[in-house]
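Student: Spelled out from the first residue to the last, the chains are:
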Amino acid sequence: MTTPITEADLQAYTDGRLDAERRVAVEAWLAEHPDELERIAAYRRLAHEVRAAYDSMLDEPVPDRLMSVGRRRFMPAGIAAIVAWIALGAAIGAGTTWQLRGQRPLAQVPADSTLIARRAAVAHATYSPEVRHPVEVSADQEQHLVAWLSKRLGVQLRVPVLDEAGLSLVGGRLLPGESGPVAQFMYQSQNGRRLTLYVRTEASGNRETAFRYARENNVGVFYWIDRDCGYAIASGDLGKDELLRVANLVYKKLEP
Amino acid sequence: MDEAKRLVDLIPRLRRYARALVGDRASADDLVQDTLERAWSKLHLYRRGTDLRAWLFTVMHNVHVNRVRATRSTDVLQEEMPELAQNGSQADALLVRDLDRAIGQLPADQRAVLLLVTLEEMSYEEVARTLGIPIGTVMSRLSRAREKLRALMSGQAVPPAKLKVVK
Chain A
1 MTTPITEADL QAYTDGRLDA ERRVAVEAWL AEHPDELERI AAYRRLAHEV
51 RAAYDSMLDE PVPDRLMSVG RRRFMPAGIA AIVAWIALGA AIGAGTTWQL
101 RGQRPLAQVP ADSTLIARRA AVAHATYSPE VRHPVEVSAD QEQHLVAWLS
151 KRLGVQLRVP VLDEAGLSLV GGRLLPGESG PVAQFMYQSQ NGRRLTLYVR
201 TEASGNRETA FRYARENNVG VFYWIDRDCG YAIASGDLGK DELLRVANLV
251 YKKLEP
Chain B
1 MDEAKRLVDL IPRLRRYARA LVGDRASADD LVQDTLERAW SKLHLYRRGT
51 DLRAWLFTVM HNVHVNRVRA TRSTDVLQEE MPELAQNGSQ ADALLVRDLD
101 RAIGQLPADQ RAVLLLVTLE EMSYEEVART LGIPIGTVMS RLSRAREKLR
151 ALMSGQAVPP AKLKVVK
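Protein chains in written order, with this note's numbering: chain A, 1 to 256; chain B, 1 to 167.
Looking at chain B on its own, in the form it has when it is part of the complex (with noise of 0.2 Å):
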């Protein structure tokens, strides 16, 4: 079963894709874990000779926004978990922890075009495809990340998600 080969293969990618996309180590392998589930079990559904990897890109993303919906009200237990910096490379684990929080503070929907773009390297037609959107949202989301992301890692003040005053 070839395609069985080449899905294990691409899991290395997909735990990258998704340590990005959620932020810590535990929960992207938890979005790993329930994407090869869900892969497996619809493999079946996969048509040969089409891309692997936009297929599978696919299945983590629906994967992945219907944990958001469904955890968006009850997780309460998502503290920061401070990453142990690994062999001493204290400069690098501050800039993967300041990225860890500027990708985290993109809208949903940029981030994943970002990502998709920037670590996958796929083509704004993969993207489109992975996604099911237009590659013209796909050109317009990637422009806004970009934007947002260097002025939030360059500490400029970000126009603020509007305060609410809560009486």
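Only chain A is shown next, with the shape it has when bound in the complex (with noise of 0.2 Å):
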């Protein structure tokens, strides 16, 4: 006589951890209950599909700073603080000093300017992907695009021209913000391959900040603050240097 079949049986059946012999009790079971093998069958799929969706992951490069955990611990301290300020100063040195990637920026920022990223990295990645409507009004109707958001947002605002970074205007949009309305403008390059900018009031006024760098999803954003505005840009599609040679090139736009 067998033992009866259990539901742990049955969820090690799933998951092919039974030895041969209850195996086959188990088979000859379900044979008999079809509803029982259609919801193992389930199981089964189940599973497979979230390997699927997860197992990319795998392939992926780990990013800087996951890997850089590892590496400030290999170094004795001493060293590694040398490393760290020959970083630093590499980086004042070039002028930019937007963050040392494997760092936690958050503490020297204001706290509520990562805000402004993770918005500009949603609303990218709302917008973007639009076929249709990326945008409320085009670029055709560029003044009127620029006077109706400039109104909206309390503002005289700009659209930096960026065709010499490949990019023309595809248009713009209203969002909501924290603190009142945002606009979004949305640029593309020939191929395809989209940017958006993202500006919204500061109320606090007069402030300047460097260039941040985020990453949200797949979204890269470059922030800053410059007197009575933030300004996001993010994309999905360019690289982190890239997305900072336009960063750089929208700021130069921008100055009056």
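To be clear, the hints were calculated from the coordinates, so they are not data collected in a lab.
You may find that some hints are simply not true.
As the list claims (entries may be wrong) - Which residues of chain B face chain A? A few of them, derived with a C-beta cut under 7 Å, are:
1. D29
2. V32
3. E37
4. V96
5. L149
6. R150
Stated by the list, open to error - Calculated cross-link-like contacts (lysine to aspartate or glutamate; reagent style DMTMM-like; alpha-carbon spacing at most 25 Å):
7. B:K148 - A:E7
8. B:K148 - A:D35
9. B:K5 - A:D64
10. B:K5 - A:D55
11. A:K240 - B:D29
12. A:K240 - A:E60
13. B:K148 - A:E36
14. B:K148 - A:E38
15. B:K42 - A:D64
16. B:K148 - A:D15
17. B:K5 - A:E60
18. A:K253 - A:E142
19. B:K148 - A:D55
20. B:K148 - A:E27
21. A:K240 - B:D30
22. A:K240 - B:D24
23. B:K148 - A:D59
24. A:K240 - A:E208
25. A:K253 - A:D163
26. B:K5 - A:D59
27. B:K148 - A:E49
Model, not experiment: these values are computed from the prediction.
Glycine included, C-beta positions come from ideal geometry on N, C-alpha and C.
Bring the two chains, given one by one in their own frames, into a single complex with the hints.
Tutor: Now the structure itself:
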């Protein structure tokens, strides 16, 4: 006489973890219980789908910030400190103070300014895949677009021309933000790569910050505050270096 | 230092598990980073010759439980971040989103068991050791998690958490 089939047997059968003898017994039992057979088949299908959904993470390069946790630990403290100082000096020397990768920038940054990066990334991820309605007002009505968004934000907006970066304006839209309306301008390259410029007003005024970089899911964001506006440019298509070049260009174009 | 190398090699697996566990990439990498920080600082507690992977996932489990506890009431900014579809596989992106949503609806302790069994393909003994629970509990959580996931993914109404009338 064989022991009765239990739920644990069925789970182990699903995972292929029964020995041959028990597996045969379970299969014989399932043959007489079609509902259970269907249930176990569904579990197997789901397991397959879950693996298929997340296995791509295994092939992705590990972000620097995670690798650097290990690297920091490998180095004796003194050397690590020297390396950090050299990196910092190099960054300042290069005239850019965007955050070194692998460090948490949050401590030095006003708490709400990372919010703009996330908001900009979410807005980018929401609208940039749109084929038919990427913008509310298209670039052929640029004057109207700028006047309308300037009025809603309460500041005179300017839309930078980014031709030299190979990007042309698609148009713009109005979005809700924490402290009032926000403008989003969308640009596109000839081969369809998209970048959005996210502009919001800054209550505290007259602040200036360096470029900062953040990555949310697959969207890279450079953001900064200049006088009464906060800016963020976001793209899922452009690499970090390219995005930084565009950030510099936008910054330059917006100078009065 | 052999463990250090092996630990680094396990990072992609930590990321995969974290991604499925917390539902989005940025939070997943935050969790992995905290896990690695903690693992490095506790590496002297790891006993050589025992299962490093199980040890590391235990660390991650503890970090995760603490983080969830700490952020539960203050987490206001976790709006849903749409994932950019990679290379046009829209159908896949939709499936991932549905799975994210369904897995996110599993109770945390069931979710951990399901993902360790499914993604990490751990044996039930390893799961029990990693999570510090009896093997019988592993089996019952696995069974419940699978049934709930099946119901969620087939669009059946899952008996909802009871709605409270708010006056």
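Student: Compare the structure with each hint and give your call.
Tutor: Hint check results:
1. D29: Since chain A brings a Cβ to about 6 Å from D29 (chain B), closer than 7 Å, the hint holds.
2. V32: OK, holds: V32 (chain B) within 7 Å of chain A, min 6 Å.
3. E37: Holds: closest Cβ of chain A sits about 6 Å from E37 (chain B), inside 7 Å.
4. V96: Nearest chain A Cβ about 5 Å off; hint holds.
5. L149: holds (6 Å)
6. R150: With Cβ-Cβ at 5 Å, under 7 Å, it holds.
7. B:K148 - A:E7: holds (15 Å)
8. B:K148 - A:D35: With Cα atoms ~16 Å apart, K148 (chain B) and D35 (chain A) stay inside 25 Å; holds.
9. B:K5 - A:D64: Given that 25 Å is the threshold and the Cα spacing comes to 16 Å, the pair holds.
10. B:K5 - A:D55: holds (22 Å)
11. A:K240 - B:D29: holds (18 Å)
12. A:K240 - A:E60: Answer holds: K240 (chain A) to E60 (chain A) is near 17 Å, not above 25 Å.
13. B:K148 - A:E36: holds (15 Å)
14. B:K148 - A:E38: holds (15 Å)
15. B:K42 - A:D64: holds (22 Å)
16. B:K148 - A:D15: Status holds; Cα separation ~17 Å.
17. B:K5 - A:E60: holds (18 Å)
18. A:K253 - A:E142: holds (17 Å)
19. B:K148 - A:D55: holds (22 Å)
20. B:K148 - A:E27: holds (24 Å)
21. A:K240 - B:D30: Within the cut-off at roughly 20 Å; holds.
22. A:K240 - B:D24: Within the cut-off at roughly 21 Å; holds.
23. B:K148 - A:D59: Judged against 25 Å, a Cα distance of about 29 Å means the pair is violated.
24. A:K240 - A:E208: holds (22 Å)
25. A:K253 - A:D163: Judged against 25 Å, a Cα distance of about 11 Å means the pair holds.
26. B:K5 - A:D59: The hint holds at about 18 Å.
27. B:K148 - A:E49: OK: K148 (chain B) and E49 (chain A) at ~15 Å, within 25 Å.
Comparing the model with each numbered hint stated earlier shows that hint 23 is the single one that does not hold.
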